[in-house]
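Read off the chains here:
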Amino acid sequence: MTITNYFNYYITANTAGKALLVYNKYQQVKRLKAMVRKSDPHLNPPLLANARMGQMLAEQYLKGRYVNGTKKVAWFSSGAPIEILQALGFFLYTPDNHAALCGARKQGARYCEASEEQGYSRDICSYARTDTGCFFAGHTPVGKIPRPDLIVVSNNICQTILHWYQAMGVYYNAPVFLIDTPFLYEDAREYQVDYVRHQLEELIPVAERISGKKLSYKRLKEMVKRGKLSSDLWLEVLYRAKAKPAPISGFDAFILMGPIVALRGEQATIDFYHTVLKEIDTRIEKGIGVVKNEKHRILWDNLPIWHRLSWMSRKLAELGIVVAISNYTYQWSEPARYMGKGEPMEAIARTYLHSLLNRSSGYKLKSMQQMVADFSLEGVLMHSDRSCKPYSLGQIDQGRLLKNELGVPCLILEADHNDERIFSEEQVVTRLQAFAEMLN
Amino acid sequence: MNIPTRRDIITKVKSEGGRIAAVMPFHYPRALLRAFNIHPMEVWGPPHVDDLSGGQHFPEYTCKIVTRATRFLQSKSVADVDYILTPHTCDSLQGMASILKDHLDIPQPVVTLYHPRGRRPSDYTFMLAELRRISEELAELTGKNPSQNEFLTAIDSENRALDLFRRIAENRHRYVVSDRDFFTVLRAREYLPAEDFISQAESLPTGTPNQSGPGLMLSGIVPEPMHLFDHIQSCGAHVLTDDLACCSRRLYDPVGTGDPLKGLAEHLLSMPPDTTVSTPYAERFDYLLAKMKVAGAKGVIVYDPKFCEPELFYIPMFEKAVKAAGFGFLHVEVELGTEIPHTVLNRIDAFIEVLT
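In order, the protein sequences belong to chains A and B. Using the numbering used here, the first residue of the first sequence is number 31, and each one after it goes up by one. Using the numbering used here, the first residue of the second sequence is number 169, and each one after it goes up by one.
Residues on chain A that point at chain B, a partial pick, calculated with CB under 8 angstroms: (1) I154; (2) C188; (3) Q189.
Worth flagging that the hints you see were computed from the coordinates, not collected in a lab. In this text, all values refer to a predicted model and were calculated from it rather than measured experimentally. The beta-carbon is built from N, C-alpha and C at its ideal position, and this holds for glycine as well.
Build out the structure end to end from the sequences listed, making use of the hints.
Have a look at this one:
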């Protein structure tokens with residue numbers, strides 16, 4: 031580590047930068063509080079926790095700018111097991127989260143185009159195009175991406191991610207380690223758990239060599255414990271939306287999920303979700319809902335349309351509809367029940383195998399049916415996401431069965447999570463209005 | 169050419185007391201099925217089937233192999249099929265397997281196969297365990313427990329067919345037939361039993377083919393419709409070698425002696441570099457460039473069905489690698505039907521003209 035590296039990472043990012051971000055957060059909180067006084071006919075002011083969330087992720091990206099040369103960096107896919115990497119002290123960065131951030135800032139299409147200019151098809155995932163596009167463009171909205179020393183990817187969310195991360199491995203000249211997770215039609219069989227556990231065991235010497243450290247099982251156990259705690263807290267946050275009116279919406283959850291995806295198991299994440307819970311509980315006590323005139327409660331299926339988050343939230347609120355829960359945000363909490371069982375490696379293997387996207391269409395349907403009952407939902411809005419085949423395939427049958435078996439109307443809206451070119455505002459408005467009539 | 173039709177084979181297998189499995193693309197253990205007296209017949213679409221019903225279950229951005237196959241498997245045409253085997257080749261086929269199992273009312277049991285993406289000790293262990301699970305499932309379905317001898321006989325027959333398949337696929341220049349006939353014979357392996365395939369393949373006339381113009385490598389998933397070869401020939405080019413999922417991406421090592429399932433696991437993981445198992449980019453490009461050099465190809469046409477993500481991810485780097493090595497490169501996407509769009513034909517014309 032050079033003196034310049036040290037100065038930049040520990041002084042610029044961790045001290046001065048952090049102080050600046052804390053100041054920014056207070057400014058942001060002030061702005062959010064000021065919104066209370068403004069009258070919005072449909073939406074109550076957003077949670078103040080959003081500002082803290084922004085600060086946490088900004089801090090992480092700021093550290094990422096200066097981390098190379100001070101710590102080893104591991105990239106991981108959003109569904110990949112990170113506990114071993116955390117226990118070995120890697121600085122962690124997830125390209126999925128970065129791509130989503132670009133999408134939320136309406137920069138997705140810009141970077142997708144940069145990727146397409148280099149030959150990537152418009153028919154591949156827009157997250158992959160966003161991240162490769164940032165590489166080709168040589169810039170990103172977060173300033174600078176840390177160079178990876180190791181890339182860990184798991185296909186428990188899709189097969190596409192292997193191709194995407196392998197390409198990033200080529201562009202950044204970094205080794206790629208795969209955690210292959212066989213698709214589940216029922217709860218995992220022992221040989222499937224063993225397979226993932228064996229791969230985790232194969233990862234350890236690779237990660238030890240790159241980090242230059244020996245894995246401490248005590249530290250690994252601690253990371254597993256904290257990972258479970260943060261996931262359990264995240265589940266509690268989501269469950270608070272059972273209250274009527276819903277004090278937190280699926281759109282809030284899309285924003286607040288940042289730490290559970292990118293920083294799960296970190297003490298800051300645990301503290302953050304405690305704070306979020308307190309704020310939500312205050313809202314419940316005061317009877318404050320996300321939507322002022324909550325008439326209908328629905329489920330959001332699939333990834334969000336990042337570039338239209340607030341627009342969608344507002345359009346639905348105008349119709350008296352609140353998205354109480356999304357199964358997308360739920361998948362970072364539900365499998366955590368396996369974290370508490372058995373020795374750490376087996377617990378990690380079971381948890382990451384049972385990711386919602388690694389399970390059958392029938393399981394996903396059952397999970398949605400359960401949510402309809404638990405959250406008193408009247409409808410399901412399915413985002414048919416051109417960029418996410420594993421999530422979108424099955425929706426037509428799931429929608430049909432939800433309607434036939436539970437009488438729950440479903441709306442399928444075609445869009446793309448990051449590519450704003452695939453969105454027809456007029457068409458969506460018309461279809462949302464028709465959906466609201468069905469709910470009425 | 170007098171190749172038995174699929175219907176001929178179904179009739180023959182059934183009359184001999186065998187059962188039929190409709191198998192989705194494309195890596196699967198033939199000898200394991202054979203040991204259970206199950207004959208695999210592969211379903212690559214088929215291109216002539218409309219996908220209206222299949223389209224009722226999938227969004228429009230789904231590959232036509234999946235939508236047409238779903239339609240086909242729901243039709244009366246598969247009344248003689250006893251089982252469906254769906255390998256998890258990609259997100260779309262994985263989704264299809266799940267829809268078939270969970271939501272569609274089809275009479276045949278659906279057996280799935282997860283093919284590990286790596287080549288580490290854990291992947292071999294898993295592949296073996298996965299084959300054991302399938303073997304147990306087939307035993308339950310068929311009420312049959314093949315003896316060691318039955319396994320070894322099945323392996324021997326499939327090894328002989330594989331050996332011949334390899335010799336033909338790697339020696340296009342030794343056969344005096346049109347490209348279309350050559351690949352028709354190779355593709356007959358998609359439904360012919362090993363013995364029938366061997367007899368067809370051995371009857372291919374050998375000699376020095378009268379080929380002119382630039383030689384090509386054909387890469388991609390499946391060359392449907394087959395008159396693609398006629399068009400390439402009419403443009404003055406010919407296909408010297410292939411990297412097609414339905415053909416040369418299945419040049420596995422033969423199944424070894426010893427424990428049959430262990431041998432099958434090693435065999436299945438020995439396939440050449442392939443997009444669907446995420447072979448590292450450089451490894452695949454090195455392999456394909458060497459293959460083109462050996463065959464004397466001047467360029468490659470990558471012929472893909474639309475929305476095939478595994479293929480699409482490789483295209484940008486593959487194009488650069490191919491061009492850097494001094495070869496021509498063309499990537500086209502088709503909807504997998506009975507016709508090839510004129511725009512695609514025109515691009516192939518122009519590509520061959522440049523190479524000539």
